[in-house]
Structures are given as C-alpha cells and as structure tokens.
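Colleague: If you want the building blocks of each chain, they are given just below.
There are 2 protein chains.
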Amino acid sequence: MNEKKRNVVIAQSGGPTAVINASLCGAVEALREKGVSKSVGRILGAKHGIDGILSGDFVDLGSIRGRRFERIAMTPSAALGSSRRKPTPEDCAAILARFKEMDVGGFFYIGGNDSADTLRIVAEAARKDGYPLSCWHIPKTIDNDLRSCDHAPGYASAARFVASAVAGDDLDNRALGGVKIDVVMGRDSGFLAASAALARKRPDDGPHLIYLPEVPFSIEKFAGDVKAACRKFGRCVVVVSEGIRGGDGKSIAAKLGNGEKDSHGNVQMSGSGALGDALARAVREATGLKRVRADTFGYIQRSFALAVSKLDFEEAWSAGASAVQAAFGRGMRTGTIGIVRAKSKNYRAEYVAMQIEQAARTPKSMPKKFIARSGCDVTKAFVEYARPLVGNIPDTEVLV
Amino acid sequence: MNEKKRNVVIAQSGGPTAVINASLCGAVEALREKGVSKSVGRILGAKHGIDGILSGDFVDLGSIRGRRFERIAMTPSAALGSSRRKPTPEDCAAILARFKEMDVGGFFYIGGNDSADTLRIVAEAARKDGYPLSCWHIPKTIDNDLRSCDHAPGYASAARFVASAVAGDDLDNRALGGVKIDVVMGRDSGFLAASAALARKRPDDGPHLIYLPEVPFSIEKFAGDVKAACRKFGRCVVVVSEGIRGGDGKSIAAKLGNGEKDSHGNVQMSGSGALGDALARAVREATGLKRVRADTFGYIQRSFALAVSKLDFEEAWSAGASAVQAAFGRGMRTGTIGIVRAKSKNYRAEYVAMQIEQAARTPKSMPKKFIARSGCDVTKAFVEYARPLVGNIPDTEVLV
Numbered sequence: 001m002n003e004k005k006r007n008v009v010i011a012q013s014g015g016p017t018a019v020i021n022a023s024l025c026g027a028v029e030a031l032r033e034k035g036v037s038k039s040v041g042r043i044l045g046a047k048h049g050i051d052g053i054l055s056g057d058f059v060d061l062g063s064i065r066g067r068r069f070e071r072i073a074m075t076p077s078a079a080l081g082s083s084r085r086k087p088t089p090e091d092c093a094a095i096l097a098r099f100k101e102m103d104v105g106g107f108f109y110i111g112g113n114d115s116a117d118t119l120r121i122v123a124e125a126a127r128k129d130g131y132p133l134s135c136w137h138i139p140k141t142i143d144n145d146l147r148s149c150d151h152a153p154g155y156a157s158a159a160r161f162v163a164s165a166v167a168g169d170d171l172d173n174r175a176l177g178g179v180k181i182d183v184v185m186g187r188d189s190g191f192l193a194a195s196a197a198l199a200r201k202r203p204d205d206g207p208h209l210i211y212l213p214e215v216p217f218s219i220e221k222f223a224g225d226v227k228a229a230c231r232k233f234g235r236c237v238v239v240v241s242e243g244i245r246g247g248d249g250k251s252i253a254a255k256l257g258n259g260e261k262d263s264h265g266n267v268q269m270s271g272s273g274a275l276g277d278a279l280a281r282a283v284r285e286a287t288g289l290k291r292v293r294a295d296t297f298g299y300i301q302r303s304f305a306l307a308v309s310k311l312d313f314e315e316a317w318s319a320g321a322s323a324v325q326a327a328f329g330r331g332m333r334t335g336t337i338g339i340v341r342a343k344s345k346n347y348r349a350e351y352v353a354m355q356i357e358q359a360a361r362t363p364k365s366m367p368k369k370f371i372a373r374s375g376c377d378v379t380k381a382f383v384e385y386a387r388p389l390v391g392n393i394p395d396t397e398v399l400v
Numbered sequence: 001m002n003e004k005k006r007n008v009v010i011a012q013s014g015g016p017t018a019v020i021n022a023s024l025c026g027a028v029e030a031l032r033e034k035g036v037s038k039s040v041g042r043i044l045g046a047k048h049g050i051d052g053i054l055s056g057d058f059v060d061l062g063s064i065r066g067r068r069f070e071r072i073a074m075t076p077s078a079a080l081g082s083s084r085r086k087p088t089p090e091d092c093a094a095i096l097a098r099f100k101e102m103d104v105g106g107f108f109y110i111g112g113n114d115s116a117d118t119l120r121i122v123a124e125a126a127r128k129d130g131y132p133l134s135c136w137h138i139p140k141t142i143d144n145d146l147r148s149c150d151h152a153p154g155y156a157s158a159a160r161f162v163a164s165a166v167a168g169d170d171l172d173n174r175a176l177g178g179v180k181i182d183v184v185m186g187r188d189s190g191f192l193a194a195s196a197a198l199a200r201k202r203p204d205d206g207p208h209l210i211y212l213p214e215v216p217f218s219i220e221k222f223a224g225d226v227k228a229a230c231r232k233f234g235r236c237v238v239v240v241s242e243g244i245r246g247g248d249g250k251s252i253a254a255k256l257g258n259g260e261k262d263s264h265g266n267v268q269m270s271g272s273g274a275l276g277d278a279l280a281r282a283v284r285e286a287t288g289l290k291r292v293r294a295d296t297f298g299y300i301q302r303s304f305a306l307a308v309s310k311l312d313f314e315e316a317w318s319a320g321a322s323a324v325q326a327a328f329g330r331g332m333r334t335g336t337i338g339i340v341r342a343k344s345k346n347y348r349a350e351y352v353a354m355q356i357e358q359a360a361r362t363p364k365s366m367p368k369k370f371i372a373r374s375g376c377d378v379t380k381a382f383v384e385y386a387r388p389l390v391g392n393i394p395d396t397e398v399l400v
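Sequence lines, in order, name chains A and B.
Going by the numbering used here, the first sequence opens with residue 1, and the numbers climb by one from there.
Going by the numbering used here, the second sequence opens with residue 1, and the numbers climb by one from there.
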C-alpha cells in the first residue's frame, strides 16, 4: 500500500484490557510518522469493532493530538468501544464493500484469538475478491492465551491487579483467619490465576493453593487440599481460575453458572459469584470450618487504572506501532504481531510479524514447566517468567 | 499516667483497612517522643486484638525502627492481626488481671464501633475496680459509620479503590454494553457505595444508579430504574451497597445470603456473590436484557495497597498520635479521637478527644443532604465532602 494515499481503519474487539488504548495510540502515532504518512490518507477508528464498519460509524483518529491523545492512551478499556460479534459470510462481504467504497487499504484490529480469527476471515475474503487490503492483528488479552506471544499486552496489568489484590487479601486473611477463595479470570489458560503467586513475600504467605484450567479439577481433592493447608498454616488463601475443568474436560463454572453463551460459543463465567460461592459451600461441608469466604474479582481486574504495569503499557504501544511498520514494510500483506522474549540477560521483548493463524483460534495453555507437580501451585520458572512483566508488588511487613 | 514508667498495650480489631497500620505506627512514634517517653515503659502490641491480651501473646513494638517500621506503616490490613471477639464479663476481668500483672497503664485500641464498645466495657471494668488505666480508641472503618468522625481513617482509601474500580468498570461497560451491577461494602451506611460517584468524569458516565442502605430498597423499583437508565444511556452501571434494606428494615443480603453471624450479631454480607447474582437475575427477568453482569468487590476493597489515599494515610497516622497525646495530656483518662472537618476554606482535619460513647454502638448513616431526591444517587454536597479525602481519580477519554 505504498503507491498512493489510502485510508486506514483501526478497531478494537473482545474483552477490554487496561492498555488496549496504548496499542491504538501506538498505531496512530506510527501512521503519522514521516516514512509512513505519505502513503496514509485518513486514519479512521471504527466504533465497536466490526459493528462500526458495518454501520459506517467512524471517528477521525488522525486529528487527535496533544493532551487528549495522551489521555486516550492512558484510559483503560477500549476507547473506540468493543464488540463480540463474529462476522457471517454476509458481514464479510459488507465489510469489503465498505472498505472499497471508502478506499481503505489497511485494517488494524486490536484483539485476542477470536478477533484474530475475524480478521483472518476478512483478509481471506479480500484476497478471494482481489481487493488489495493489508490486515494486521494487534494482540491483546488478559488471559495471555495467544500462541503468537510470549505474553500478550494487557496480561501484565491484569496480573498486577491480581497479585496486588491477593497480597492485600492474604494480609486480611492473616489478620482474621479462616479460608478465603479468590476466583480469577482466565477461560482457557491459567496465566492470570498463576500471577497471584507474585503476591508472596514470606514463606507462609498466600496464595497457599492455585487451581488452573490446565489441571483437571476435583472438588474432593480441592476440599482436602484446603483442609491440609489449614492444618499447616492455620488459615488458607486459595486462588481459583474461573476456567477450571473437571476430569471430563467440562467447565466447572458452566456446570454451576447460568449457561449464557456469547456469539463465539463461550459460556459466561465472569460477572457472577456462582463458582466462588459453590466452592465455599464445598469447603464448609467438607471441613466443618465456619469462616469460609469467596470473592470473584470479575471485570475490574482488566480495567483498573491504578494497577497498570509500566512495561505492559510500553509493550502495548510498541505492538500497535509494529503492526503499522509491518503493514508498510516489504514483507507480508497480512499477519499478527508476535511478541518474543529475547534470549538476553536482561528482559527484552521483540515484535515479530507472524502468520495470522498463529494468533487465531486454538488458545495457548500454561506450559508444563510452569505448573507445580502438586497440580495446585506454580513453579519458580513461572515466577521468573512473570516477574519482569508485572513489576514489583509493594513490600509489606507483618507482626503475626 | 505521668508519675512513673508504665507499660502500654496497643491492639487492632474488626475489619482491617488499608491504613490501620499507619495509626499503629503513629501511636508508637508518639509514645517514643520526648515528652511522653519518660512515662512509658514497654510498648507492646497484642496479637489479634483482645485474644492476644487474654492469651498473653504480645510483640515488642518499641524496638521496631527504620525501614521495618516504615514498611509496617505502609502495609495494608492489621499487622498485629485482628479479632471480632466481643469480651464477656469474664474476659474483661481476665484482661484487667493481665494488665495489672504487666503494669499496663495505657491501652490503645484501633477499631470501629464494635471495638469502641469493647474498649468502653474494659475501661468501665477498670474504673469499677479502681485500677488506673487510660483507654483510648483510635478510629478506623471503611464503612465510615462512626458518629465521632466527619470521616474515619480507612474510609478514603477504600473509597479510592471503589471509585477507581467503578471508573474502569464503567469504561468496560461503555465498550461492551449491557447492565453491570457492582456490590460495594457497607453494613449500615452508604458512604462507601456513594464514593462510586467520584468515578464520573462525563455527564453520561456511570454509575448511573447508586443504592444505599439509608433508602428502603424495592426490587421492583430497582428493575424499573435500570430499565429507564438503559433507555436513556443505552447501557447501565449500578452500584449497590451490600447493606441495602427492604421497607421492613430487614437486610436484602441477609434474605439471600447464608445467614452466618459473627459474635456481634452481624450477618455475613461480604465474601459471597449471592446478593449481586440475585439482583442480576431480577434485572434479567424484569427487562428481558441478556447481558446483565454482577461483581461483588468483596474484601479486596479494604486492603489494596495501590489505591491508598495519601491523605487517609496521614490522617490515620495523626489519629494514632493524637490518641497518645490525649492519654498523656491533662484531660480525659479514657476516650476516642474524633475527626472534625475544620471550617476553613481549604480542607483541614482536627483531632478532638471525645467521650468513647461517641464512637461506640449506634452507627452513623449518610445525612439526608448527601442523598439525591430520586433515592438512587448522591448529591453534589456528597461529592464535595468526599473529593478531598479520596483525591483525584485519573482522567480518562472516550471515543464512543
């Protein structure tokens, strides 16, 4: 798309993150840079993902500068609005028609694996149609389940929220005792629940148990584990991923939740305390303990401005900028920006253009080396993986 | 207690706050100051409130200095551990016996209204016994329901968490739509739920509705209010205090919760998603809306280190120091530190020695001037009251 000035559309999709707007602003800034801007006409933001493309609802991003631009970058959740709509073949035809009518040569879609799949379908439709369209996926997901990324933008900030929340909650539990269950987001992979391990400062700090979707969950074993932890520590803080599954592979939350599904066929997990409450009941019944509490962190873990990881913000920005550089480079027409951890002494991320299939569909699980043999904790390798992303959690001190 | 060196006991009680250790350190620092220290022997912390006094479990606070002392002050939740035990007459006799045996002349108890009542009972027992004991209550409560305080230490930090969380959650709801219900702590008073109003930056920002324990709650009116807000804003963010009561004065959460009670006769409200889930079901049924979600903020709102209000930290410290100054002054032997807002142009707090009855028992409700006529919002007067305490919430920007 270097020949003449063509317009560009950017959109955001899926569950928001605390830094998804940093990716948006990183892309816009890169589109305004010297070498690129000569090929770029208008920079348009579609409102609410592909819904805005279909309905023709755009905002002029290219004209936003100064303090307002900075504030957008720092705002958690998708400033353009988001969407969970999965395009039908008719939608794809309509999107292409819109892009042709508007002379759109570049389409940047910030989202997770469902969004990458949407982009793949649109790119494929354009290819079949012979319409020159560069489609780039900019990764984001608090679940951290993209195969294309060592870690995805948005994860580290959500992890910083979770680690901070569990650190405080563990001090609360130390002060008042009993069993505390914290349910953390993560549909298919346990990275976010695992990040609670970063809360630990002392050998007897919680979380004392961490349950991940990668390890088959048994309520009997769970209750037994809690009982044993109480014997050892005189109290117990448990972190449970909302995505835990039984030995049959079926979601435990789905068995207990309201069964509502989105357009990608995913069962609703967050926005309900049902899983936590059911686990608390099970512990009460199995152990006879009285003070058993459950909190479900819910949506606030992905949009809490005060817990943003500085590194995450910078990487989200760079991922957006890298997609633009890839689109205007001499390589692939369509793809996703993968994030690779450099094999260097100090932590460093590299942004690599990859085939979009690398980000689409099949989610990434926690590798075995990150899961403790007990099946209810993480390893030191995981903590070493996550620490540079999340940053330090404030030091604390206890007298009991 | 100016004649000879006598020992001092400090303890923490009730639900922890993010700044309760600032009060602890403020008191310890004041006890080590020149004019006071000549009358002070050992400075002992009782572990887990009166439980530590009864069992003789103390920690030497006087010897803790430097970085460790600073870290304790900055640690959320009660560093000495807490307790919800209400002393029996036998307990009071045992506490007195312990104090006599240890030559304790000063007892400082950091807590809410239940804790003030406990202190009152101990002070009364000492008086009847003729034992010279100075008892001072240092206020803390995230509920902000102490009659002795314009606002109590701990409230502003919890309010800062709530306002930040709702600000992020409202952006999330703006991006994805639907109805979002956030359940906030507050057994008897709506101050903490009300603080969600500080999240608003734009006229159409949520929370669009706020429900307080001070206004009789009807599920039919609630569902109707949500429906009307959805018509107006195309979406709706609702904040509900866990303490909401029906027209009969009975707790709505208690009707739906597990009915467990603590030793002060209070029903368990937090640590369960039952209230939020029931309200979400009611909205779904009444409106036919599909995307209705509920999160219960739970325990993390009172112990989140990254959301501490700077002013709250300083005031908690000053409240602890003021209790020591009152104990060693020429006035009352026993009392509570009230916090009064100075009638000055700029915000300023004054710390005033008051009768302990001012803090004990009957909790304070939100005054009428803080509650909107609609019954489901707060007034500008409330926002002006709360803003200086909570501090600014980061500015945000939206494109939809």
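Note that these hints are calculated values from the structure, not bench results.
For every residue, glycine included, the Cβ atom is placed at its ideal position computed from N, Cα and C.
There could be a bad hint or two in this list.
[Claimed, not checked] Every beta carbon over 10 Å from chain A, so not counted as near; a handful from chain B, in silico:
1. Gln12
2. Ala228
3. Gly298
4. Arg341
5. Val383
[Said to hold, decoys possible] Result set (DSSO-like, lysine-lysine): computed pairs, CA atoms no more than 30 Å apart in a straight line:
6. A/Lys5 / A/Lys201
7. A/Lys227 / B/Lys227
8. A/Lys310 / B/Lys34
9. B/Lys227 / A/Lys250
10. A/Lys201 / B/Lys250
11. A/Lys364 / A/Lys343
12. A/Lys86 / B/Lys250
13. B/Lys255 / A/Lys290
14. B/Lys290 / A/Lys255
15. A/Lys227 / A/Lys290
16. A/Lys364 / A/Lys380
17. B/Lys86 / A/Lys290
18. A/Lys380 / A/Lys227
19. A/Lys310 / B/Lys255
20. B/Lys368 / B/Lys201
21. B/Lys128 / B/Lys38
22. A/Lys86 / B/Lys310
23. A/Lys5 / A/Lys100
24. A/Lys232 / A/Lys221
25. A/Lys290 / B/Lys250
26. B/Lys310 / A/Lys232
27. A/Lys343 / A/Lys368
28. B/Lys310 / B/Lys34
29. A/Lys86 / B/Lys232
30. B/Lys86 / A/Lys255
31. A/Lys343 / A/Lys250
Colleague: Give a verdict on every hint.
Modeller: Hint check:
Taking the minimum C-beta to C-beta distance to chain A, about 8 Å, the non-interface status of B/Gln12 is violated against the 10 Å cut. A cut-off of 10 Å between C-beta atoms confirms that B/Ala228 is not in contact with chain A; the least separation is 22 Å. A beta-carbon of chain A is positioned within 10 Å of the beta-carbon of B/Gly298; the least distance is around 3 Å. Interface exclusion of B/Arg341 from chain A stands, the closest Cβ pair being 26 Å apart, more than 10 Å.
Chain A leaves B/Val383 outside its interface by the beta-carbon criterion, the shortest separation being 19 Å against a cut-off of 10 Å. Distance check on the hinted pair: A/Lys5 and A/Lys201 sit about 55 Å apart at the alpha-carbon level, beyond 30 Å; violated. Between A/Lys227 and B/Lys227 the alpha-carbon distance is near 45 Å, which puts this suggested pair outside the 30 Å criterion. Of the supplied pair hints, the one linking A/Lys310 and B/Lys34 is violated, its CA atoms being roughly 44 Å apart against a limit of 30 Å.
This hinted pair does not check out: B/Lys227 and A/Lys250 have alpha carbons roughly 35 Å apart, beyond 30 Å. With a CA separation close to 42 Å, the supplied pair A/Lys201 and B/Lys250 exceeds the 30 Å bound. Among the hinted pairs, A/Lys364 with A/Lys343 is consistent with the structure: their alpha-carbon atoms are about 21 Å apart, no more than 30 Å. At most 30 Å may separate the alpha-carbon atoms for a hinted pair to count; A/Lys86 and B/Lys250 exceed this at roughly 46 Å.
As the CA atoms of B/Lys255 and A/Lys290 are separated by approximately 19 Å, the hinted pair is consistent with the 30 Å bound. Of the supplied pair hints, the one linking B/Lys290 and A/Lys255 holds, its CA atoms being roughly 19 Å apart against a limit of 30 Å. For the suggested pair A/Lys227 and A/Lys290, the alpha carbons sit about 12 Å apart, so the restraint of at most 30 Å is met. Between the alpha carbons of A/Lys364 and A/Lys380 the distance comes to roughly 20 Å, so the proposed pair stays at or under 30 Å and holds.
Of the pairs offered as hints, the one joining B/Lys86 and A/Lys290 holds, with about 17 Å between alpha carbons and a cut-off of 30 Å not exceeded. Restraint check: the Cα-Cα separation between A/Lys380 and A/Lys227 comes to about 24 Å, which is no more than 30 Å; the hinted pair holds. Between A/Lys310 and B/Lys255 the alpha-carbon distance is near 44 Å, which puts this suggested pair outside the 30 Å criterion. This hinted pair checks out: B/Lys368 and B/Lys201 have alpha carbons roughly 24 Å apart, not beyond 30 Å.
Annotation: proposed proximity of B/Lys128 to B/Lys38 holds, straight-line Cα distance about 28 Å (limit 30 Å). Taken as a hint, the A/Lys86 and B/Lys310 pair is broken in the structure, with Cα atoms around 45 Å apart against an allowance of 30 Å. Restraint check: the Cα-Cα separation between A/Lys5 and A/Lys100 comes to about 14 Å, which is no more than 30 Å; the hinted pair holds. Note on A/Lys232 and A/Lys221: the hinted pairing holds, with a Cα-Cα distance of about 16 Å set against a maximum of 30 Å.
Between A/Lys290 and B/Lys250, the direct Cα distance comes to roughly 24 Å. Compliance with the 30 Å bound is thereby established for this hinted pair. Between B/Lys310 and A/Lys232 the alpha-carbon distance is near 37 Å, which puts this suggested pair outside the 30 Å criterion. Distance hint between A/Lys343 and A/Lys368 is fulfilled; the C-alpha atoms sit about 20 Å from each other, no more than 30 Å. Straight-line distance between C-alpha atoms of B/Lys310 and B/Lys34 comes to about 27 Å, which keeps the hinted pair within the 30 Å bound.
Restraint check for A/Lys86 and B/Lys232: the C-alpha separation of about 27 Å stays at or below 30 Å, so the hint holds. Distance restraint check for B/Lys86 and A/Lys255: the Cα-Cα separation of roughly 41 Å exceeds the 30 Å cut-off, and the hinted pair is therefore not satisfied. Simply put, A/Lys343 and A/Lys250 have alpha-carbon atoms about 37 Å apart, too far for the 30 Å limit, and the pair is violated.
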